[in-house]
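S.K.: Line by line, the protein sequences give chains A and B.
So in the UniProt record's numbering the end of the first sequence lands on 243, straight run, no missing numbers.
So in the UniProt record's numbering the end of the second sequence lands on 243, straight run, no missing numbers.
Any given hint might turn out to be false.
Intra- or inter-copy, both count: the list cannot distinguish identical chains.
Simulated crosslink set (BS3-like; lysine-lysine; CA at most 25 Å straight-line) [to be verified]:
(1) Lys157 / Lys216
(2) Lys105 / Lys57
(3) Lys242 / Lys212
(4) Lys160 / Lys124
(5) Lys124 / Lys157
(6) Lys160 / Lys176
In short, the hints are calculated from the structure, not lab data.
Number of protein chains: 2
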Amino acid sequence: MNKLRTKSNIPILEIFGPTIQGEGMMIGRKTMFMRTAGCDYSCSWCDSAFTWDGTEKPIMYSPDKAFEEIYKIGGGGFDHVTITGGNPALIGQGMSELIDILHSKGISMGIETQGTKYQDWFSKSDDIVISPKPPSSGMVTDYTKLDFIINNIQSNKQNKSLKVVIFNEEDYQYAKNLHFRYPNIEFYLSVGNLTPYSEEDHTAELLRDLEKLCNKVINDPSLKSVKVLPQLHTLLWGNKRKV
Amino acid sequence: MNKLRTKSNIPILEIFGPTIQGEGMMIGRKTMFMRTAGCDYSCSWCDSAFTWDGTEKPIMYSPDKAFEEIYKIGGGGFDHVTITGGNPALIGQGMSELIDILHSKGISMGIETQGTKYQDWFSKSDDIVISPKPPSSGMVTDYTKLDFIINNIQSNKQNKSLKVVIFNEEDYQYAKNLHFRYPNIEFYLSVGNLTPYSEEDHTAELLRDLEKLCNKVINDPSLKSVKVLPQLHTLLWGNKRKV
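Kindly produce the complete structure, drawing on both the sequences and the hints.
M.R.: Dropping the structure here:
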């Protein structure tokens, strides 16, 4: 019994909320967050490096126990859960079971993943954000894998989008190429946060960077069907965790 | 010939863009704006009172001429037009023709209206934001009309949402009641701008109000399926017009 259970365990680094989703397609949505441990990437500017750099240890929860914790922490005042990481796509059976439990309680959910690994349970996710990492991350996109994922989710009815965080001109070109490669999936650009661990107020800087990115897109006739967004939580709460 | 044309003329107060949509369901979207003249409301805090208070005169354009102007001003670097007011739902045949022209050019469009008047062309709009005005506006919602509109757009495939601007506690209660009355339509709360004609920098104030509204929603277990958003353009560009 215990061995069977172990197969479904999910390595969890934090559960918090309800709060307001700060970025991408679901911006503004009241949601719980569950952050899984482990990542196949190590982006230079990762704002959640504690999920993969060994500084924090995950708790292993069965899907039932994960739901129980989400429910306890959220106090019942939510109907959506955002699962992010690390890379939640590294997890198989446990995630599939957790999604079924959430749906059975009338709770919708979404995931955010960089698009390096496909899981069958992607088709059950109510919303899915694929956020490939641009050159400034230091990571290299494997287009064979990304093509496979985009092709697989393309025909699903769920809300889906591509989101790229922009730090520099090279990132912007990378994002444009992605959009031209997958023109039929909603396309979001997000402003990069250069100081994800600073405790100072960077609001003015973040808004200035957002304005620059907006102006770039406004003046770029080759980019039309695009949404440019800030990280709302960073404007509101700085780099504080668990908000 | 001229008389026939007149029937379709659209009273236009401004056309600008491309820019980035600042609020609601289409937040972040690169789009052109066309603002129609005339409103059946006169909200106390209206940020576009020049559309109805007589201070500015509209130009009357045929749908063809309106498209020509949008295209000329936008320079071809767009594929979406947002039509706002004033109340664009006051306009009949001309709007229907303009939508057909836009669609024939591969351009999608959306409207924002307060939900006081239905038009058959609503069904052709790719996105539609119904933004009933809360008590602080001084306006009174006619629920017979609003029910009719919501019922009519409910089954359409287009993106649609309800959006309420919040200035105070009474507005918040009004918004909640709306959401409970129409639970199946996406529900957005937006932070009110108390100083829509000031030239000073109100960023800190606006972010503080947004934080307050977020905290209110976070701590309200009866509000679950909701999105809380700022007016991005006001954070970026203050109260400047035509951005």
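S.K.: For Lys157 and Lys216, with the copy left unspecified, which applies at a CA distance of at most 25 Å: within, between, both, or neither?
M.R.: neither (32 Å within a copy, 32 Å between copies)
S.K.: At most 25 Å between C-alpha atoms: does Lys160 with Lys124 qualify within a copy, between copies, both, or neither?
M.R.: both (12 Å within a copy, 23 Å between copies)
S.K.: Quick one: Lys105 to Lys57, C-alpha cut-off 25 Å, is that within a copy, between copies, both, or neither?
M.R.: Neither. Shortest intra-copy (29 Å) and inter-copy (55 Å) distances fail the 25 Å Cα cut-off.
S.K.: How do Lys124 and Lys157 come out at 25 Å by Cα distance, when the copy is not named: within, between, both, or neither?
M.R.: both (10 Å within a copy, 21 Å between copies)
S.K.: Checking an output row: Lys160 and Lys176, CA cutoff 25 Å. Within, between, both or neither?
M.R.: within (18 Å within a copy, 28 Å between copies)
S.K.: Could you place Lys242 and Lys212 in one of the four classes (within, between, both, neither) given a Cα distance threshold of 25 Å?
M.R.: So Lys242 and Lys212 pass the 25 Å test across copies only (17 Å; inside, 28 Å).
Hints 1 and 2, counting from the list given before, are not met by this structure.
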